[in-house]
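Start counting at 1 in the sequence shown, then tack on 426, and there's your number in my numbering.
Hints listed in this document are in silico derivations from the structure and should not be mistaken for laboratory results.
Check before you lean on any hint, since a few could be wrong.
What the hints assert, rightly or not - Calculated cross-link-like contacts (lysine-lysine; reagent style PhoX-like; alpha-carbon spacing at most 25 Å): (1) Lys1163 - Lys1084; (2) Lys533 - Lys974; (3) Lys533 - Lys545; (4) Lys533 - Lys1019; (5) Lys1128 - Lys1163.
Said to hold, decoys possible - Now the in silico label distances, taken between C-beta atoms and shown as ranges: (6) Pro1221 - His1159: 31 to 37 Å; (7) Thr554 - Ser1149: 52 to 58 Å; (8) Ser1062 - Asp485: 49 to 55 Å; (9) Leu513 - Val859: 26 to 32 Å.
Think of the CB as a built atom: it goes at the ideal place given N, C-alpha and C, for glycine as much as any other residue.
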Amino acid sequence: MLRDVERHHSSVPPPWKHWSLLLILIVYLVLGFTYSVVDPIFEASDEIFHYPVVMQIADGRGLPIQDSRDKTSLWQQEGSQPPLYYLIAAGITSWIDTGTMDTIMLKNPHAQIGRPGAKNNRNMVIHTSEEDFPYQGVSLAVHLIRALSILMGAGTVILTYLIALSVVPGNRVLAGLTAALAAFNPMFLFISASVNNDNLTILLCTLALYLILRGMRSRPSWPWALGLGVVTALAALTKLSGLSLLPLVAFAFASVTAQQNSWRSFVSWILMAASAFVILDGWWLLRNLQLYGDPTGLNAMLDQAGRRSANPGPFVLWAEGQGFRRSYWGVFGGFDVGADSRFYQFFDILTILGLLGLGVLLIRQIWSTVRQRVGRPVPFANAFMTPPRVASRQSFLTRTTNWLLFLLRAEGDRAILLRHLIVCTGWVAFLLVSLTRWTQLTLATQGRLMFPAISVISLGMMAGLLVLLPRRLHAAFASALAMLLLAIAAFVPFLYLQPAYARPDTNQALDESSLPERVHVVYNGQMELVGFDAEPRHMRPGDTLQVKAWWRVLRPMDANYSVYVQLRQKGEIVIAQDDAYPGNGAFATSQLKPGDIIAETHWLTVTPAASGPASAQLSIGLYDLRTLDSLPAVDSSGRPSDGKMSITFQVMGTQTAKRPAVEMYTRFADRVELIGLNSELSSAGSQLSLELQWRALADLEKDYTVFVQALNESGNVVAQYDSWPRQGEYPTHLWRKGEQVPDQAILTLPPDNSDELMLIVGLYDLRTMDRLLAGSEDHAIIGRLDRATGRILRP
427 MLRDVERHHS SVPPPWKHWS LLLILIVYLV LGFTYSVVDP IFEASDEIFH YPVVMQIADG
487 RGLPIQDSRD KTSLWQQEGS QPPLYYLIAA GITSWIDTGT MDTIMLKNPH AQIGRPGAKN
547 NRNMVIHTSE EDFPYQGVSL AVHLIRALSI LMGAGTVILT YLIALSVVPG NRVLAGLTAA
607 LAAFNPMFLF ISASVNNDNL TILLCTLALY LILRGMRSRP SWPWALGLGV VTALAALTKL
667 SGLSLLPLVA FAFASVTAQQ NSWRSFVSWI LMAASAFVIL DGWWLLRNLQ LYGDPTGLNA
727 MLDQAGRRSA NPGPFVLWAE GQGFRRSYWG VFGGFDVGAD SRFYQFFDIL TILGLLGLGV
787 LLIRQIWSTV RQRVGRPVPF ANAFMTPPRV ASRQSFLTRT TNWLLFLLRA EGDRAILLRH
847 LIVCTGWVAF LLVSLTRWTQ LTLATQGRLM FPAISVISLG MMAGLLVLLP RRLHAAFASA
907 LAMLLLAIAA FVPFLYLQPA YARPDTNQAL DESSLPERVH VVYNGQMELV GFDAEPRHMR
967 PGDTLQVKAW WRVLRPMDAN YSVYVQLRQK GEIVIAQDDA YPGNGAFATS QLKPGDIIAE
1027 THWLTVTPAA SGPASAQLSI GLYDLRTLDS LPAVDSSGRP SDGKMSITFQ VMGTQTAKRP
1087 AVEMYTRFAD RVELIGLNSE LSSAGSQLSL ELQWRALADL EKDYTVFVQA LNESGNVVAQ
1147 YDSWPRQGEY PTHLWRKGEQ VPDQAILTLP PDNSDELMLI VGLYDLRTMD RLLAGSEDHA
1207 IIGRLDRATG RILRP
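Model the full assembly from the supplied sequences, consistent with the hints where possible.
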């Protein structure tokens, strides 16, 4: 890379030589508008909060004023953002009659915001045909602002290309590949095609970075300094992260004025930049100070966004790093639409190879410098060769100051490149530190917030990749990788976005005979659950149950009801649940018409706390979220229904069975085997608890009752326990061959401790009272109970 700097520092090709940038821009614009059309309005990151700020200004109501007591404002924390982006967006949409927000923005109360693995409820709002083309009202305003944002993204792509040429002049292959990585980053496209102040922030920060890098190479005068100050002030007036540019601006001023040996220029440039900042941003800072007692308005923003309950340590931040890494490349929607693992693996490999290449490049440059020091030093090396005797007599502060002065004054391509690298890495570091601090205050660990540095991140990755390849392969590799990035970006809207927001067809014909389970339960005379299907029937804690439901609308509804699907144990203990508006969150019931058919799928994850093995029952119903009242229901016979379906599910246990103290291995009709048991006698000797270990030798169709009896010396029953296994929660028809089932039987013993008690066990069919045979007997002998010690003595 250094050879490119030295060879091409004065070579500037004519505009028509940049054909790769033109192609990238054309494709970027096509992709950007594709993302905009495919992604429904308000489904991009925080667009649902950014647009109300624009609408507030466009309607002539001024800038939002935050109230920490009001958590219902449409703009929420975004009302605290600096206003430049919103002022521009309001200016281009103020002529549109948008009406009121509630005419088009009905929020989905069950949206799975922040859960990239969600399979339904991924839409943040309920969408209607009013949003469709030709756009009008709010939909037109949103798409117009999205178009503006896409153009801002195009400006970022151009500047990314120019930044690459500034750092490595003449290397159009690297510049084109860098621009392609930025332009075809799916997350960058997604954000660029949304209403979001990040788009102007990214553009202005990238412009400031380009001005800094160009200024370090071209020895500019005061107009450059003033322009850089204005751009930095505008970036800060768009988003507070623009303030991270200030150290870089100061370094750039120091570098350029050191080359000119004019510290007076440094002071005057600082004053010019500060004046621009005061003129452009001063009013905003004063407004925040008057309203919130804080010039930045961060406290008001945190009051709305919500603070973390505790400062996250490094391990918590590291755990959140996966979401941060993935969201740099593509976590869409409300951080709830993720891509598949291969998508992230590809970009992980790309990142690792880029970092590896940068490491190789760094080692090469260090080795090259060492060789030049040993041989014939270049001016840049000479600048750092401080005589050891002098250095040894200097303080650390003095030595550091001298090194900094040498760095600023050193001439040659190597010195310029080093200063460029300091700026680029410093910019990434400043952003990362500020983002880390912000995410310590509130949940904001999103990689897209690093996009103000997307140009230098892309440049570093692509420079590292090319270092690993022979120079003769650079052009071919760059073309192939750019095409691959383009293909991935082109598929994303149709592989991930479109399916996430697809609305089920309500006009479909329903063949009831094909439904696995037909129930015809009618809720409040308005909606009918025609049928359902649920798989699997056998689960463990942590497994997912998939429930398909088919609904028919019977009457218009004024309210918006929610569907609940629950898996319950012991009647009322909910071990898995999914709630949604009908159609996986696609429809509000007030929008449905009689005759509409809705087919939907629910995914229920069984809680790890679910007890097992045990049975569970499925419940499906409708309720009003405002009151949490369930709608009354009747079954197909007109009888009241509680929504419980007739199918029983098996939840298997995860615990390891204890080794039985009393081993038996007794078979009952070759269907069930009693492996053994553990016993515990209460201190008073009045209660005996037996932990039975059963094993199914075959799939059982009937429900057998377990009995345990205590017989006195006369053979009379003095204590008895009868129940389905596990206190009735795990009937034997759910057992599967090979499954081990822990059970418990509790006997209350007679007070006379002198009798020896014989314990027997068995199973019977309650309907016929027929017992399963253990050999030739209808029971198995456990043994004699020694009530003095609580031990069971086997026969």
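Hint check against the structure, violated hint numbers in rising order:
none
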